[in-house]
Structure formats: C-alpha cells, structure tokens
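The opening residue of the sequence shown carries number 42 in this note's numbering; numbering runs sequentially from there.
DSSO-like cross-link-like pairs, simulated, lysine-lysine; straight-line CA separation at most 30 Å:
no.	residue 1	residue 2
1	K289	K341
2	K123	K92
3	K289	K324
4	K341	K324
5	K174	K104
6	K123	K104
7	K62	K174
8	K92	K62
9	K123	K174
10	K289	K62
11	K92	K174
12	K92	K104
13	K62	K123
Read the hints as simulated data drawn from the structure, not as lab findings.
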Amino acid sequence: MPGMQWPFRRKAVPAQLSLNKNFYLSVLSAADTLPPLLQVINPDGSNNAIKGFGAPLTEGANKDILNQPIGPGSYVLTTADKLTVLQMDVFPRNEVPQFQIPQDQTGLAATNLTGEALRRAQDANTLANFLFKGYDPGLYISVQFMLEFVKRFAESSEAVVADPLAETYRMPDRMRASPPMDVRIDFRDVGSIKLVRLPDGLWISTRGLSKFNIPEFEMYGISEELRVPAAEMVVVAAQQVLVGVPMKEGETAFSAESPLEIVRGTRQPSDWGGRSALELRDKGGEGAARGVEAWRRRPK
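With the sequences and hints as input, model every part of the structure.
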C-alpha cells in the first residue's frame, strides 16, 4: 500500500511482543493423500521444502514414516536451530465435528471463504492444526517459520488455511503479502480487516493483533467513500506496533491537521470475545471521519 509512512516519525523501539497461547492455524485439505513430511520440511530445504526438522510424536515410530504420506497423529516441527517448535496435529475431518465453517453468505464473505477456498473447505477430509510449543526470543523468526511451513503444507495438499484469531481463511498463494511492508513481519500476513455496517456508518477494525497480546484497533462512523483510506490507516497502526512503534491510550496519531485520539475501545464488546481494542476517534467526536478525511488529503 503506497504512502504508508508513519506521520509523526516516532523512533522505533524493540517491540515488546509475546505469542498468545491461542495463536494457531488450521489447514483444511481436500487432497486424497497428504504429502510425505520430508517433502514439506527437511534439513537441507531441498525440493522447495522448508529448512528444518520434522518427526512424528508417536511412540516407537521410525524414520521410514517421514517418506510416507502424512497420516493422522501428532508431529513436531522445528527450525534448524531448534529455537522454534511447532506441534502439528492431523485428524480425519469427520472426527472433528466441532470445527465448523460459516454456513451463511454473510459469514462466508466476511471470512473470505468463497470460490475455490470454499470448495476446498467443504470437500476437506483432513484437518491439521498448528500450535507453537516454543519460539525464538526474536519472535519474528518463529512466526515466519510457521507461516512458511503452513503455506508449503497447504500448497502440497489442495488446502485452505483457517486463521481463527484473524477471523479469515486464506488460499496458499495469499499467505504472504508481496512486497512486504517490513521483512520481519507484515500485519497482512497475520491479520485482517473487518468491516461491519452500523446505523452511524462503517465499523472498521483489525483482527489478529491479539496473537501478540496487544490491543486491536477500531474506527467508527466511516462512510463508504472513506472505507479504503480508513482500512489503510488501521493497517498502518497495526504494522507500526508490530515493529516497535508504540501507540498508547491518550496519544494522538495521523494527520496533524485533524489528529485522531487513541482511546480505550470498544462499543461492541460482545464481538471481541474478551480481546482488548483501542479506538481511533476524532477529538470531541463520536467517530473518525474527520481524521480519516484529513489523512486522505495529506500531501503524498
């Protein structure tokens, strides 16, 4: 997205991030047979595999299983330096009835589950969940490892990826934004933007920052005309906090002409499931339309 410079030139500091214990990804595979584990991850990263180590957690399993199609069970996946550890749990889809995709058109559209992604989810006969069991002190490296492994696994298994905390589904070719806003991490890879029509305008919010135990961002009272710049602004805010430019309650941000106040959200607590949020709001106002319009008109 062009023009996504932070306006107040605040110096970045090391991001104080941690990974939420509920941060996981799920892969719904419609393939009849899953690839062998060595085709997805191996020590050399050969044949387009991810570089690292993978092994079954089943007691008594031998190395031969690594060359056989992945079957139901639990597996450990690590980076070459063993600092990042993922657990992959593979189930026949019919054994996990509690995992349900949206059933109505509104829910399907809101989670990007349409077209080929919907077909794969509906035809899936295997579900694989990916959860952190340990991560690198640098954190970004571990997130990159998970994203790359899940992308490769999904590419090899006719799959679509479910991202519960980001409230979205992604096809494998939509797992990584290009070019990235930052090589360490890109919010668009780990989060999404949600738009909801309310009587006073659009409610626009981020989904996915809770993976890192930090508040989400939200705006209210946005017109259809301002939908795109408002969405870009919450992406900017999310990206900045992920790379170490803090935004705190009581501060202001964006256009100096008409800055937005950062206040504690949220007007829609039932929609957040206990997650915290910061609202970007016009000074003395009830929405963010003035601040969004001012930012849209800023010199590029």
